[in-house]
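Peer 1: Sequence:
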Amino acid sequence: MRLRKNPPQRTAAGPMRTVASAALMAFLLFLSVPHQALGQTPSVNPPASHEVPAVLDLETAQRIALEWNPSLAAAAERVEQARQRIRRAWAGYSPRLEASAGLTHTKYPENATAGSALSGTGTGASSFSSLSAPEREDIYSATLTATWTLFDGFRREFALAAARFDRNRTEAALQEARRLLLAAVSSSFHGAQLALENVAIAEADEAFNQRQLEDARAREEAGAGSLSDVLNFQVQVNLARARKIEAERDYRVALSGLAALMGLPEGALGPGVRLAPLKEASPALLTPPKAEEEVAYALDHRPDVKAARMALLAARAGVGSARARFYPSLSLFGSLEGNRYGDAHLEEDDFASSVGVRMTVPLFSGGEDLASYREARHAEREADHALRNLLAEAASQVQSAVARVLAAQEQLRLQRRNARLVLQTRDLVQKEYTAGQASLVRLTQAQRDLVQAQSQLAQARHSLEDAWVQLDAATGKILER
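Read left to right, the sequence shown gives residues -37 to -1, 1 to 444 (mature numbering (1 follows the signal peptide of the UniProt record, and there is no 0)).
A portion of the hints provided could be inaccurate.
As a list, the in silico DSS-like pairs of lysine-lysine whose alpha-carbon atoms are at most 30 angstroms apart [what the hints assert, rightly or not]:
1) Lys269 to Lys394
2) Lys242 to Lys207
3) Lys253 to Lys242
4) Lys207 to Lys394
5) Lys440 to Lys242
6) Lys269 to Lys253
7) Lys253 to Lys440
None of these hints come from the bench; they were simulated from the model.
Turn these sequences into a full structure, and let the hints steer you where they fit.
Peer 2: So, in structure tokens, the structure goes:
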């Protein structure tokens, strides 16, 4: 290596001079990379209010929830993180290339310079080289280093497998979040429908008692009725209105909860939006489910079960990665390093190059590698126990959901028959009361029985709808709707 204090003025340089310039440019390029490319999360504007139709049905509510619920968006971001971890694992198979440039400024102490100037080889003689020693000097350097790992005990293979299993697990977790969200939206929607049905029942009760009140007033004015009948029907009208107010309150509260699940930023569906009414149970809803088939489907399709299986496979890959610490590693390396004193115009003869093969054998790590391996084995066993426990819980949830569906089907059939009988009884008592053959107390009680029977029928219809939702959620079929 040649040391020049006064470099020549010519600008022509050898090809190696380009390396130093490239290293400097790489450093400047790194500083100019946008923040998003360096991993900074870009700012996301909050979503605007979603357009909700005037009559909202369950399918539309579920679709809006899948698009706008923030927790679901967070789960989707975790999937993207897992995909980036796969790309990061793939990077382990590629060679690594690094470039660096540096400047070292050294200032020597004055006493060291003076002492060297007075030193000589003989009496009265001084060293002219010492007299010319600099007080300070600058060293410019540029380095290009390449490393390529050929073998690392299959650590890269296990890391890539673990990243893929983790990606599958996060995708299954996203599906699990969708499953739970769809179940919550369905239950909230059906609860709001039940409240709306109770509003209609209270309005019908108020209308019936209002008609009876008007008839009682007319009879009283004609001298054929009593004031007690008028007061009784007035009380019944007030009670019906009170039940209507409570039902409307429950309806508004249910709508607010539904809007939150749908991810609407205002926490409300908007003015003028009403839910589709509760439908009559279809023959498919009255078909008894088979517990064995439902359990088998759930164990094969539930996202949380899939996620647990992926977690077990990832834990096994972690065991392999920890075991790879005990194997030697083999890598190729090469470097190109240049230094120059006084100026940054590095030329070809300022550079030294080296290339070689490196084998690293782990001999002793203070027990860290062994502890990491044992930790990975215990993590594998934990994942295995968690999977077994989840399989048992899933089967139990499906069995309970099937039992609820069967009970709800019987309740609906019973309440349908009972509601028809109570309505027929109320109509007969009303005719008898109009003809003067039945008492006011009997008519009032018949109307109360009808309101109760209608409420129980609405509850039975809601219970059947919700029971099927819970069964579909327990098996994972709700994701296929």
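Peer 1: Each hint needs a verdict: does it hold in this structure or not?
Peer 2: Do the hints match the structure? See the list:
no.	hint	verdict
1	Lys269 to Lys394	violated (63 angstroms)
2	Lys242 to Lys207	holds (21 angstroms)
3	Lys253 to Lys242	holds (24 angstroms)
4	Lys207 to Lys394	holds (26 angstroms)
5	Lys440 to Lys242	holds (21 angstroms)
6	Lys269 to Lys253	holds (23 angstroms)
7	Lys253 to Lys440	holds (14 angstroms)
Checked against the numbered hints above, the structure breaks only hint 1 and satisfies the rest.
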